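Protein chains in written order, with our numbering: chain A, 1 to 301; chain B, 1 to 531; chain C, 1 to 336.
Just so you know, the hints here were simulated from the structure itself, not pulled from any lab data.
Any given hint could turn out to be false.
Quick list of in silico lysine-lysine cross-link-like pairs, DSS-like style, CA-CA up to 30 Å [claimed, not checked]:
| id | chain 1 | residue 1 | chain 2 | residue 2 |
| --- | --- | --- | --- | --- |
| 1 | A | K30 | C | K127 |
| 2 | A | K159 | C | K86 |
| 3 | B | K218 | A | K159 |
| 4 | C | K127 | B | K246 |
| 5 | B | K404 | A | K159 |
| 6 | C | K86 | B | K218 |
| 7 | A | K159 | B | K388 |
| 8 | A | K159 | C | K31 |
| 9 | C | K31 | B | K218 |
| 10 | B | K191 | C | K86 |
| 11 | B | K299 | C | K31 |
Only a predicted model underlies this, so the values are computations on that prediction, with no experimental measurement involved.
Each chain is listed here by its residues.
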Amino acid sequence: MAAEIDQKTSHQVIVPSVFAEFWRNFSRNKGALVGFFLIVALIIVAILADLLAPYDPAYQFEGRFLLPPAWVEGSMVDHFLGTDNVGRDILSRLIHGARLSLIIGLIVVTLSLIFGVSLGLIAGYFGGWVDFMIMRLMDIIQALPSLLMALVIIAILEKSLTNAMIAISITVLPHYARLTRAAVISEINKEYVIASRVAGAGSLRLMLITLLPNCLPPLIVQATLSFSSAILDAAALGFLGYGAQPPTAEWGTMLSEARSFITQHPWIVTLPGLCILITVLAFNLMGDGLRDALDPKLKRT
Amino acid sequence: MKRYLWQALAVAGLTLSAIAPVQAQNKTLVYCSEGSPETFNPQLATSGTTFDASSIAIYNRLVEVRGSKTEAEPGLAQSWTVSDDGLTYTFYLRRGVQWHTTRNFTPTRPFNADDVLFSFKRMMDEKHPYHKVSGGNYIYFNEVDGPNLIKSVEKVDDYTVKITLTKPDATFISILTLHSFSILSAEYADKLLKAGTPERLDTDPVGTGPFVLVNYQKDSAIRYTKNDKYWRGAAKIDTLVFAITKDASIRYQKMRAGECHVMAYPNPAEIESMKADKNLRVLQQEGFNIGYLAFNTEKKPFNDKRVRQAINMALNKANIVKAVYLGSGTPATNPIPPTLWSYNKSVKDYQYNVNKAKELLAAAGYPNGFEATLWWMPVQRPYNPNAKAMAELMQADLAKVGIKVRLVSYEWGEYLDRLRKGEHDMGLLGWTGDYGDPDNFFGNLLSCAAAGSSTARWCHKPFDDLIVKARQVSNQAERTKLYEQAQVIFKEEAPWFTIAHSIATEITRSNVTGYQISPFGSHDFYGVELK
Amino acid sequence: MLRFFLNRFLLLIPTFIGVTLLTFSMVRLIKGDPITAMLGERAVDPRWVEEAKARLGLDQPLIVQYGIYINQVVQGDLGNSIVTSKPVLSEFWDLFPATIELALSAMLFGIVFGIPLGIIAALRRGKVSDYLTMGTALTGQSLPIFWWGLLLILLFSITLGWTPVSGRLSFEFYVEPITGFLLLDCILSNDWPAFYSAIHHLILPTLALGTIPLAIIARMTRSSMIEVMGEDYIRTAKAKGLNPKRIVLIHGLRNALIPVITVIGLQTGSLLAGAVLTETIFSWPGIGKWLIDSLDRRDYPVLQGAVLLVASFIMIVNFIIDILYGLINPRIRHGR
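Excised from the complex, chain A in its bound form:
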């Protein structure tokens, strides 16, 4: 995919005019804009979670179990979205869940970006058996569906949110490594690379300064999309009991705990799922927009 990157962009490191052009392309896509603003809103909610949340998300209000949301009969004004089975305020938990989900996404993307890109650079730059070993390792990771691989890794590391994030990062490594490697291989024999090599640039410099910027566009798209898949996978792991452990306010874990109450109190199942959906959708919308804007060859709309 990266091999098809336009020749023109590859010679320039991002400069203002490119950015302006990018924004023009990006903002033409209404969906992407919606996604972008949703994400901005989510980030604000996440940062201000302590201020916005009416209560401590782990605090259990005695006797206020399973209150419905404010617009349903039998609710309390104090709890706009009601309470869960042990009397915790759902709104507060959802707000803190937003923070947690974004943190999960951020950490997973950062971890996998750093390690994946490094592996890809090394594989593409050195080639030979180094390349072979790295790529076979990636094959092995990809031989299992990501969720299953993550389950297995967590089983080894013990159940916790941190380990869930590590596990998810490992499962998305191959995407980054492959993208980077492909970009490096297509660039490495081009004149400008050879020129800097002749000029005496070291391997590290070549990899990081010369080659890396040219792999950026597909990586940015991939990062946005894996942000959403990280949130989704973390929630799925939480749902299966292998992610965040209660009483952490993580959406998937909340859903899993709420599952027993689906008949009588459907809202405590509905709300966390809706939050996951909206967040994931926002990142997917933006990812689509980014792809179209950054990668004219792959333009879909």
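Go by the hints and put chains B and C onto chain A.
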């Protein structure tokens, strides 16, 4: 094979084509079970789920516990005598008991002493051709120390069996009610061994019980038909289906939709709405279990009785039980459940009293409290639905008397392992009774013999003398007295903070009659009727 | 072509060895052991526990254990489950058909609805219906399966009572397992009422698992169609005055479907992952649930075998896609 196919087709066709009259002829009871059986041989099993599907439906034992009772009654043994020295048990077997006829076995003879010998020898004799089949882990047999307790099993004649013990044991008859002592067919076993497929004995069972296994689809369903020749009389339902449904809410939904007739282990939170549903009947019974917090009595400061008593007073039991068991648990005073004989009603529990607790701690030399670990298990158990929540409540209570508690937990297997090694200060655990004898609780959990691995690591001579003696004496009235005394000492010495006995809840559709909750948590559909 | 095929095939070998190493070390690294987990609170002579572990071969040096393991794998023996003591392979074949049935049904659902939706959206490019379809598709693609499944149960089973809550077949039916594929077995037994019941039970899980593939296929079909419609030969055909519908269906679609087929192939992995969640929610007796259960019980041989089998399955599917893609697209074949 073909015959079953046609039978099944006929059943399917009939239930579909006609509505009321035909259905009355073929009654299918569906039990929404909570998991898949590990095997169909109860000798190899440990879980109640497996016993429900195997020993209870398919097999019989020499002596059995049935319905809501905890006492043993005659099963395949019509009667038995015990020698004066308490070492030799002679069992007189029931005549004319037929083995099941299944698709790969047609019996040529009724049940007799050879079957009893086969069933015991397989577990006892390491050289028995069947001993190592299917992994050969006879966990319950080992738990009751079978290899050392039973000296020999001999055939006197076709319908008389003599079992000799190495030492007198008043609990032996109760032990024989364990599912693992189910009687398997020796004739079938021989046939399979000759065919070179001995492991099929454990997957394609042939028993003497009320139901015959038709088919098991892993993780999906188990189907039985009634045993027309059952020696207690044929069951009142024609087909029994276990619909395996792991999730409690889904089981409830299936109950509401009429897809199941009986279910167990409901979500505590849903019990209220179940009670309100006219189509459902909620059955509850005090469970045969105990949840406890044990103090590691080998470690300081828990080797001091006053500290243990102080903690007993510092913990608000009523509040803990209410919050954690959500109405399906009763606060516990003694280490055995109230439904078990010899339960001492006159024992008074410690009252919640923070000041008194502080005084005791001060007297023991800890006026400012101390630091300690409290371990909680990572899984739900029948006797404790939420150990973590419980641990947090206890932590808050103990902080009030100055004891700073650090909560510790490990993966379940590792948790048990470390507890057995005594790495904890205080640990949450519990016990579900296997058979109706107090020794099952006292001996396993509080005896000196078990002190090397029990959670309290408690060995108190006066107490131990009582329970050791109670196991040897055969007179039940005498035994009751000894156990009652033991409970008084237990409370005074306080090696545990006894938490609760959980209440078992099971749901049936209102057209199900004759169903009884078993104190041991087993599910028996013999005698159940569909109206 | 043969070189390409061989090349791809040889690459499978190191990956397969890697996967066996992974599954092997994984189960040794996981904490807890099945014997202790099975014992629970029961106290048993520690000597006996050690003996039981020795019987499972857990006391041997690692390298010996791996040697034994590989030797068995090569002979097609994946060991016996510790919990049920049945061969892992036979348990796998008991459960795999249920997963495949569900996955195929979900995929079929995705294809049958996804491709037409994509075509329609492509033909109405830029119109409201296009935006609506694609917006819905992207939403579908973003759905957390486990939540979506629960919502479906809530709506169709609990509130409306249209579909059964869980399971594969109503209890009044009994179909002799012949192939393990329930629908097929119903047909083979000529039991049509059971067949309808099985279909009835399959609806919700299919919806839950099939929505994401549907969304992806619809989006892929649309973009692929748009691309193909812009190609010269279509324009030529239009200029020649051929029937527009004919152009779309005969010329456009055939070429547009190539990338769509690839996407369908690539969905195998995510379908299996989704099956884990779907099976958990609907009590569907497939390998997803089996895997999770064995993880909880620390049933090493099952865990090891199940992971290896799933990985091999996916490797084989990917290999086939690779080869097919190479056949369709010569550029790939000669590229590397």
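A quick look at each hint next to the structure:
1. Distance hint between A:K30 and C:K127 is fulfilled; the C-alpha atoms sit about 14 Å from each other, no more than 30 Å.
2. Taken as a hint, the A:K159 and C:K86 pair is honoured in the structure, with Cα atoms around 29 Å apart against an allowance of 30 Å.
3. As the CA atoms of B:K218 and A:K159 are separated by approximately 27 Å, the hinted pair is consistent with the 30 Å bound.
4. With a C-alpha separation of about 47 Å, the suggested pairing of C:K127 with B:K246 is violated against the 30 Å cut-off.
5. Restraint check for B:K404 and A:K159: satisfied, since their Cα atoms lie roughly 26 Å apart, inside the 30 Å limit.
6. The suggested pairing of C:K86 with B:K218 holds, with an alpha-carbon distance near 11 Å, which does not exceed 30 Å.
7. Using a Cα cut-off of 30 Å, the hinted pair A:K159 and B:K388 holds, with the two alpha carbons roughly 15 Å apart.
8. Our distance criterion of 30 Å between C-alpha atoms is met by A:K159 and C:K31, whose separation comes to about 11 Å.
9. Taking the CA atoms of C:K31 and B:K218, the gap is near 27 Å; set against the 30 Å cutoff, the hint holds.
10. For the given pair, B:K191 sits about 20 Å from C:K86 by alpha-carbon distance, which is consistent with the 30 Å threshold.
11. This hinted pair checks out: B:K299 and C:K31 have alpha carbons roughly 27 Å apart, not beyond 30 Å.
Checked against the numbered hints above, the structure breaks only hint 4 and satisfies the rest.
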